[in-house]
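Protein chains: 2
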Amino acid sequence: MGRWEPNARGRLAEAALDLYVEHGFDQTTVADIAQRAGLTERTFFRHYADKREVLFDQSGALEALLVARVTDAGADVAPIDLIIAALEEAGARIQEEPEHARRRQTVIDANPTLQERELIKLAALASALAEALRQRGVADPAASLTAETGIAVFRVAFERWAAGDDRTGLPQVIRDSLGQLRIAVGGESR
Amino acid sequence: MGRWEPNARGRLAEAALDLYVEHGFDQTTVADIAQRAGLTERTFFRHYADKREVLFDQSGALEALLVARVTDAGADVAPIDLIIAALEEAGARIQEEPEHARRRQTVIDANPTLQERELIKLAALASALAEALRQRGVADPAASLTAETGIAVFRVAFERWAAGDDRTGLPQVIRDSLGQLRIAVGGESR
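These protein sequence lines map, in sequence, to chains L and X. Counting from 1, position 65 in the first sequence corresponds to residue 1159 in the working numbering; the numbering is continuous, with no gaps. Counting from 1, position 94 in the second sequence corresponds to residue 1188 in the working numbering; the numbering is continuous, with no gaps.
Hint data in this document are derived by calculation from the structure and do not stem from the laboratory. There could be a bad hint or two in this list.
As the list claims (entries may be wrong) - Cross-link-like lysine-lysine pairs, in silico, BS3-like; alpha carbons within 27 Å at most:
{"#": "1", "chain 1": "L", "residue 1": "Lys-1215", "chain 2": "L", "residue 2": "Lys-1145"}
{"#": "2", "chain 1": "X", "residue 1": "Lys-1145", "chain 2": "X", "residue 2": "Lys-1215"}
{"#": "3", "chain 1": "X", "residue 1": "Lys-1215", "chain 2": "L", "residue 2": "Lys-1145"}
{"#": "4", "chain 1": "L", "residue 1": "Lys-1215", "chain 2": "X", "residue 2": "Lys-1145"}
{"#": "5", "chain 1": "L", "residue 1": "Lys-1215", "chain 2": "X", "residue 2": "Lys-1215"}
As the list claims (entries may be wrong) - A few chain L residues facing chain X, derived, Cβ under 8 Å:
{"#": "6", "residue": "Ala-1169"}
{"#": "7", "residue": "Asp-1170"}
{"#": "8", "residue": "Pro-1173"}
{"#": "9", "residue": "Leu-1213"}
{"#": "10", "residue": "Ile-1214"}
{"#": "11", "residue": "Ala-1236"}
{"#": "12", "residue": "Thr-1240"}
{"#": "13", "residue": "Val-1247"}
{"#": "14", "residue": "Arg-1249"}
{"#": "15", "residue": "Val-1250"}
{"#": "16", "residue": "Arg-1254"}
{"#": "17", "residue": "Leu-1275"}
{"#": "18", "residue": "Arg-1276"}
{"#": "19", "residue": "Val-1279"}
Said to hold, decoys possible - Counterexamples of contact, computed for chain L against chain X with all Cβ distances above 10 Å:
{"#": "20", "residue": "Ala-1102"}
{"#": "21", "residue": "Arg-1105"}
{"#": "22", "residue": "Val-1115"}
{"#": "23", "residue": "Phe-1119"}
{"#": "24", "residue": "Leu-1133"}
{"#": "25", "residue": "Thr-1134"}
{"#": "26", "residue": "Arg-1140"}
{"#": "27", "residue": "Ala-1155"}
{"#": "28", "residue": "Asp-1166"}
{"#": "29", "residue": "Ile-1188"}
Here a beta-carbon is modelled for each residue, glycine too, at the ideal position from N, C-alpha and C.
The task is simple: from the sequences and hints, build the whole structure.
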């Protein structure tokens, strides 16, 4: 990237999100995004494969972070606490740019195809976390159940946080949601 | 449907599943399916919108069954027990044709596009169950957490059952999986 395009990637991402919020994802073209950012389409395609990629380019880094935390954690931590601690850390990162995260979610909520993409990314994340638990010696089905449950907690917590019901930080909402899950599933067994 | 085509729908479904297993979903055409079933393409399209629909035509009935069970249950049942009881009943129905369910899963597992479709259907099911819980007066986030967790338990249980690790019935595997989830999430809170 030339020095005549300082922070081209960030400018493109901001321009794209602005346009997706203003006009809708489907109505926005790569040409619109490049123009808004004061850059060329060619520059856009040096940074992103397509306009959808702008919304999902963090998924890989998020998965790598979570898997590394699970893999590197001490031996005596319960699997669910390990998954939730990793998700809290991811939540803290997301929270560094709360408006970005909320606007991104608004765009995704308005578009079924993007919702599907998000679902697929989250399912892949759950699979990767289950595999990381198995690598630590956690047997199935506990590994799968714990990972799937962790992602379910994260999704519900993120939605609550993004809807802005309260001013609690995302890591805290994740922790609270785990507490509420424990109450919800802890009922009498038949 | 004319009486000259007895059980056309079932014959088409069986022929489709045979061909998907033998040759792969992508390699199978509607013409192939009709020919195998001894029927016409026109008849196929009277029963199914496309070849994917053959694999997912039960989703609507499954969702309706589950939502009805949640809606009609007695007032004193804990939400998680209610969701799991409904899923056990769905499991009992699925188990009436175990080979059909397992072969269908084999086809889906071999095809990323079908896996995505299945994910979307399950996410819609979780949303419908959460809404049914809210209609019963269960507040969020408990409603969402319980429904999402129920579907996670169902997915993991179905996979275990379909993989044929043991001879336990699907409803029992669902019940056991809930028990294991309770152990997995019940660890010490930090």
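Hints versus structure:
Pair hint Lys-1215 (chain L) plus Lys-1145 (chain L) holds up; C-alpha atoms about 17 Å apart against a cutoff of 27 Å. Among the hinted pairs, Lys-1145 (chain X) with Lys-1215 (chain X) is consistent with the structure: their alpha-carbon atoms are about 17 Å apart, no more than 27 Å. A distance of roughly 26 Å separates the Cα atoms of Lys-1215 (chain X) and Lys-1145 (chain L); the hinted pair therefore holds under the 27 Å criterion. With a CA separation close to 26 Å, the supplied pair Lys-1215 (chain L) and Lys-1145 (chain X) stays within the 27 Å bound.
For a cut-off of 27 Å, the pair hint linking Lys-1215 (chain L) to Lys-1215 (chain X) stands: about 15 Å separates their Cα positions. A least Cβ separation of about 14 Å between Ala-1169 (chain L) and chain X goes past the 8 Å threshold, and the interface hint is therefore violated. Here the hint on Asp-1170 (chain L) is broken, as its CB sits about 11 Å from the closest CB of chain X, past 8 Å. Satisfaction of the interface hint for Pro-1173 (chain L) is found here, the shortest Cβ-Cβ separation to chain X being roughly 7 Å, below the 8 Å cut-off.
Restraint check, Leu-1213 (chain L) versus chain X: the minimum CB separation of about 5 Å is within 8 Å; hint holds. Hint status for Ile-1214 (chain L): holds, given a least beta-carbon distance of 6 Å to chain X, under 8 Å. Interface restraint check for Ala-1236 (chain L): the shortest CB-CB distance to chain X comes to about 5 Å, inside 8 Å, so the restraint holds. Using the Cβ-Cβ criterion of 8 Å, the hint placing Thr-1240 (chain L) at the interface with chain X is satisfied: the shortest such distance is roughly 5 Å.
Here the hint on Val-1247 (chain L) is kept, as its CB sits about 7 Å from the closest CB of chain X, short of 8 Å. Given the 8 Å rule on beta carbons, the hint for Arg-1249 (chain L) holds: about 7 Å separates it from the nearest Cβ of chain X. Taken as an interface hint, Val-1250 (chain L) checks out: its beta carbon lies about 5 Å from the nearest beta carbon of chain X, inside 8 Å. Given the 8 Å rule on beta carbons, the hint for Arg-1254 (chain L) holds: about 6 Å separates it from the nearest Cβ of chain X.
At its closest, the beta carbon of Leu-1275 (chain L) sits 5 Å from a beta carbon of chain X; the interface hint therefore holds under the 8 Å criterion. At a threshold of 8 Å, the smallest CB-CB gap from Arg-1276 (chain L) to chain X is about 6 Å, leaving the interface hint in force. The closest approach between the C-beta of Val-1279 (chain L) and any C-beta of chain X is roughly 5 Å, which is under the 8 Å cut-off, so the hint is satisfied. Non-interface status of Ala-1102 (chain L) relative to chain X is upheld: no Cβ of that chain comes within 10 Å, the nearest being about 32 Å off.
With a minimum CB-CB distance of about 32 Å to chain X, Arg-1105 (chain L) clears the 10 Å threshold, and the non-interface call stands. Consistency note on Val-1115 (chain L): stated as away from chain X, and its beta-carbon is indeed over 10 Å from all of that chain's, at 24 Å minimum. Every Cβ of chain X is farther than 10 Å from the Cβ of Phe-1119 (chain L); the closest lies at roughly 18 Å, confirming the non-interface assignment. The beta carbon of Leu-1133 (chain L) sits about 33 Å from the closest Cβ of chain X, which is more than 10 Å, so the claim that it is off the interface holds.
Non-interface status of Thr-1134 (chain L) relative to chain X is upheld: no Cβ of that chain comes within 10 Å, the nearest being about 33 Å off. No beta-carbon of chain X is positioned within 10 Å of the beta-carbon of Arg-1140 (chain L); the least distance is around 28 Å. The Cβ of Ala-1155 (chain L) sits about 22 Å from the closest Cβ of chain X, beyond the 10 Å cut-off, so the non-interface label holds. With a cut of 10 Å on Cβ distances, Asp-1166 (chain L) stays outside the contact zone with chain X, its closest approach being about 18 Å.
Look at Ile-1188 (chain L): its CB is around 18 Å from the nearest CB on chain X, clear of 10 Å, so calling it non-interface holds up.
Violated hints, in rising order: 6 and 7; the structure is consistent with all others.
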